[in-house]
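There are 2 protein chains.
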Amino acid sequence: MIRDGLAGSAGPHVFVDSLDAMVVDEHDLAHLSKSLRMRDGDPLTASDGKGAWRHGRFDSSGIIEPEGTVQRVEAREEQLTVAFSLVKGNKPELVIQKLTEIGIDRIVVLAAERSIVKWDHTKVERNHERWKRIIREAAMQSHRVRLPELTAVVPALEWLAQPGVAGAHFGAPEIGVASRSVAIGPEGGWAPSEVGAIVESVSLGDTVLRAETAAIAAGVLLCAAARGARFDGR
Amino acid sequence: MIRDGLAGSAGPHVFVDSLDAMVVDEHDLAHLSKSLRMRDGDPLTASDGKGAWRHGRFDSSGIIEPEGTVQRVEAREEQLTVAFSLVKGNKPELVIQKLTEIGIDRIVVLAAERSIVKWDHTKVERNHERWKRIIREAAMQSHRVRLPELTAVVPALEWLAQPGVAGAHFGAPEIGVASRSVAIGPEGGWAPSEVGAIVESVSLGDTVLRAETAAIAAGVLLCAAARGARFDGR
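Those protein sequences? They're chains A and B, same order as listed. Going from the first sequence to my numbering is simple: count from 1 and add 2. Going from the second sequence to my numbering is simple: count from 1 and add 2.
Hints in this document: simulated from the structure, not taken from any laboratory. Note that this is a predicted model, so its numbers are computed, not measured. A hint or two may mislead.
The list treats identical chains as interchangeable, and a pair is accepted whether it falls inside one copy or across any two copies.
DSBU-like, lysine-lysine: derived pairs with alpha carbons at most 30 angstroms apart [claimed, not checked]: (1) Lys-52 <-> Lys-90; (2) Lys-120 <-> Lys-90; (3) Lys-36 <-> Lys-120; (4) Lys-93 <-> Lys-36; (5) Lys-134 <-> Lys-90; (6) Lys-93 <-> Lys-134; (7) Lys-120 <-> Lys-52; (8) Lys-93 <-> Lys-125.
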């Protein structure tokens, strides 16, 4: 089992560019000193977002005093990926935040045929930056040492054709112990061309889930499967 | 396996008081005719929220024309229950909506020692009504034939002492195939007295989850366990 989360470690968790000279950026410093009311000398953990981390002591200057050596958490052999479809008016932020907390390695935002949303390049870029910020904040909150990768926005038809990607589909077999990558359609479901592109299908349970709920459920089940859960016990 | 969800059935799903004389209330009628743009004769399913349901045809008068006989979905032998702690500023609505979609049978809102929120009787009642409305809407959306029970607000100390209730705790064994009831502490964790009251502990994974995410993850894993998933495969 690989633990990408420093739960139980003392104090809050921050991301820094370098673990040799640990400098907290302005935004995070305000968070630590104001919201969390940290005092000089309070313990925390810092990570480079790439699997390495280190204990340290808070200092109001923003320069973290290191404690002990740099430690590394190995990456999963196979990334856990959840792809979900952008829909007008939905809240991709919620899904991105939750998938980060849950422990997913790669988050993919899809433009499905029934996604409705048609974004130009500028809008994609602006949202990409915002989503990366959400990932960073959620990863701090959940003490992750590896920031999930964000891939946005990819045509669903292209994504579904990739090997190993399972399309979520009601009534299909449940997520299996070998499942690593699930794609969730938009509220209106996959279009016929997309259904045609799906090689493998998985089900997420017995109820009809909103697209955002399906994405979160897929994340929970994929992580459980990677921890060794078996869903084939019916 | 018990399916409390009419996925794949034709048309939207509504709740009615009686399946003999199926009358859609004003609010739902507006939703069906305006948002979903249903026309006279369009198919739908109606349920009494207690396990019985029936096919029917929409009519703009609000009186559904029945089709076929009343069908019943048996209740689970043991209810699946998720209890979560109220915290100031959090969004119990999101948790209640998601647990309903996912298929949980009973939703319990706890007042934990670190919940901070102290609600008077009027506020509890007002929220109770609002939460029941959220449950009803989510159950329509997810085509459930059984409305989850709502219990709110119960002192955590009292709830945790009940047999069969497992307190979520990082590092504990994973939700097991026999798990039916999980309680989630507030963001600040259980207070020592509450920890003392916990008989059984379960873990929800390897990352640090926000309280709301933990409640949703518990719902997903409990439903998977009830479908026969095994989480002890490490």
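Going down the list of hints, with the structure as the test:
1. Taking the shortest Cα distances, Lys-52 and Lys-90 never come within 30 angstroms of each other, neither inside one copy (33 angstroms) nor across copies (34 angstroms).
2. Taking the shortest Cα distances, Lys-120 and Lys-90 sit within 30 angstroms of each other inside one copy (9 angstroms), while across copies they are farther apart (37 angstroms).
3. In this assembly of identical chains, the alpha carbons of Lys-36 and Lys-120 lie at most 30 angstroms apart only when taken from different copies (25 angstroms versus 40 angstroms within one copy).
4. Within a single copy, Lys-93 and Lys-36 get their C-alpha atoms as close as 28 angstroms, and across copies as close as 23 angstroms, so both meet the 30 angstroms cut-off.
5. Taking CA atoms no more than 30 angstroms apart as the test, Lys-134 paired with Lys-90 passes in both settings, with 20 angstroms inside one copy and 27 angstroms between copies.
6. With identical chains, the CA atoms of Lys-93 and Lys-134 are at most 30 angstroms apart both within one copy (15 angstroms) and between copies (23 angstroms).
7. Neither within a single protomer nor between protomers do Lys-120 and Lys-52 lie at most 30 angstroms apart by alpha-carbon distance, with minima of 33 angstroms and 42 angstroms respectively.
8. For a Cα distance limit of 30 angstroms, the shortest separation of Lys-93 from Lys-125 qualifies both inside one copy, at 15 angstroms, and across copies, at 28 angstroms.
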